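Between the sequences and the hints, there should be enough to build the whole structure, so can you do that?
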Amino acid sequence: MSKKMGTKLGLVSIMALSLVTAACGSKNAASGVPEDGKPMPISIMSMYFTPEPPGADNVIVQEIEKKTNTDLNITWVSPNSYADKVNVTLASGEIPDLMLVDDPFSAQVRTMVQQGAFWDLTSYIQDYPNLSGFPEESWINTKQADGKNYGIPRVRPVEGGPFLFLRKDWLDNVGMEIPETTDEFYEVLNAFTKNDPDGNGKDDTIGFTGLVNQNNIGSYGAIVSAFTQNTGDWKDVDGKLVNVNLMPEMREGLEWLSKAYAEGLISEDLAVLKESQTKDQLNAGRAGAAVNTVEAAWEPMEANLKSNPDADFLPLTSMNGWTNKDGGFFGMFVIPKTVSEEKMKKLLELMDYGASEEGGTLASYGLEGVHYTEENGIKLATEQAKTDIVASQALGQIFMYYDKYMRAYRGGMPQEILDRNKKIIDERAEISVPDKAIGLYSETNISVGPELAKNLQDMKTKIILGKQSLSDWDNYVEKLKNDSDLQKITDELNQAYVARQAAQ
Amino acid sequence: MLQSKNDRLFNATNLFFLIVIGLVTLFPLYYVLVVSFSDPAEFIRNKATLFPKKWSLDSYRYLLSTDSFMRAMGNSAFLATVGTVLSLFVTSCLSYALSRRRLQGRRVMMLLILLTTLFNPGIIPPYLLIRDLNLINSIWSLILPALTSGWYVLLMKGFFDSIPTSLEEAARIDGCNDIGVWWRIILPLSLPSLAAFGLFYAVAYWNTFFTALLYINDFNKQPLQVLLQNMLIDSSTASGGTAAVEMTAEQQIPSETLKMAAVVIATVPILMVYPFLQKHFAKGAMVGSVKE
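Protein chains in written order, with UniProt numbering: chain Y, 1 to 504; chain R, 1 to 292.
Please keep in mind that the hints were generated in silico from the structure rather than gathered at the bench.
Here the structure is a predicted model, which is why all the values come from computation and not from measurement.
The beta-carbon is built from N, C-alpha and C at its ideal position, and this holds for glycine as well.
Do not take every clue at face value.
Interface residues of chain Y toward chain R, partial, derived using beta-carbon atoms under 8 Å [as the list claims (entries may be wrong)]:
{"hint": "1", "residue": "Pro-53"}
{"hint": "2", "residue": "Asn-80"}
{"hint": "3", "residue": "Ser-81"}
Dropping the structure here:
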């Protein structure tokens, strides 16, 4: 059986089964709360990004259990297979007390929300100071179609998300200023490619390294979005959502990219490039600019500092006066209705502890002196942290203390880089543009959206590679404007947009 | 034999194309091998060409020293050996019984087996079954459902069909019971078939992946292929979903040389089984091609 086929068949059975499980879900509602004083058993399912997940005997898990009087049973799932695992778990009816759903707006989560399978947390949140301290966007963007919160967002900072960064030392070498417009950026990339910015006398550098994905323009999104002045695919024009691909600004962005490609300023093999390969290029000092989060720019910088003490990767504040604002979440934790109200409150208490400074630090960094040392407010992980699997990539995925400067900090970073990153984040916060379409539901978009996005991206890639001309793009957009599916998606999204605004 | 000019031309072109295709097929495998033996730092700087610029066993040394990789190897080895032996036992018993005409209800059983090859229940019903059997997180959840395959039973039955009934009767006259016949006469005769199907099963068990994803939550019990997937796939390509999410910065991506070394180590054991069993192939998988 092919995997794809299996998933399809599986989805059908999920639909049928979720009806059954939701109906008989309240049977054991009173169970799960132990006698006074005993630790509460709690099952959790989440993902991990460390090479190996923390085990049940992990010191930090035990520490958190002690602090919160709980008995945690955590199922760790690899991010690569998380969606499949969510499918079977939701369908089996034995949902863990706290389960991370990576996509809060997937079809089966929606159906199960409608069937009342999860606790509506909207009225409880205000009792938990740390959880309610999450950014407003995180709560708003995870609201379901009825304007209620059925899960605790796995919080992410809204500022400092993936955006352009470039090599400041190269900029100085070629004697240029920090670019603020796409035209200036073009000139910078030109110089990075052709003027030997690393001064080694060899023509071995390119301006920008990045990849495109099957359904979106990937790293180059930061550039075209600087033209459309928007985050995401849908722009609010006078209160109505418009698809940015139909806008003339998108054409300008593509023109910029195809010219840059023809001149060799951006990755030659962008259509087949992999994330790890772009990182290799940056680490090897071969590329001058890329897209990533503010703190991630430190990674290639650290690698280059070993051979070049002047190396400096600077995250840009904006491009054409635009920068992106993130949704503030990466999935959410749901609590099934099979859990009693008393236990649900205990679960919120546990998550609230994890969202406190003490709990969050414990989960991501471990114990001071054992797993990290602190110097001038910067935490340095010790070797013991690796051995004990203490990292924000593991337990920090469940318990996270929200700090708006979360995207400023990376282990081993010097103070001045941290301060600079904080300043960049503050500057971006003043102008950043949020994605208006997050979580808006469109039936048509679910069925034909992926195909449409793939075709669009095929076309864009061909134009950047010079295999199709810009007049081909004009014809394509003309056809797209009359496409009945796209019109239907636009109508449905606008309806959901109006409805959600009214519900708030 | 004399060849005409045209024949020779044809053969030469044929040879040329086959060699080209052969090289094209081999190259990726060769590249994996070369990268795995490259020095990690050197590889990032210069990439590998036909030969590594600097040979290094670092990636192998690292992999073989990690607990998780060796544990996963052990799990897969257990699956492949225990699973194959049990599968061969069940499959040969079942197909032998079905190949004897005196078995009652043979037709119904055949039909039921045939049905399993035509219809697939999807992933949820098996999941529910495994869960109710309390096999979640047990390595047996990867073996028991895979014990036999309808298609292999039909193939093997074809093989047993070609063993004449008179042989069985002769053994009976000499005093063998049913089990004796199966153990002393039939199994030794079907060694080539057992070798061929054993290889099929071993490869399938070694490659166990999707069921392990679903049924095994405990990281320490995962087979090798699941670990490989974690290592090899950039999480960015798997994220998709809403534009609001992003995970590029969250994954610690292992280096290219490490990935390739993992691929080599994971491939070699099962590759080594092939030469020993291949000679039995032609005879073993005859699929009843000779009709009496």
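Worksheet entry | Numbered hints the structure breaks, given as an ascending list | The structure breaks none of the hints.
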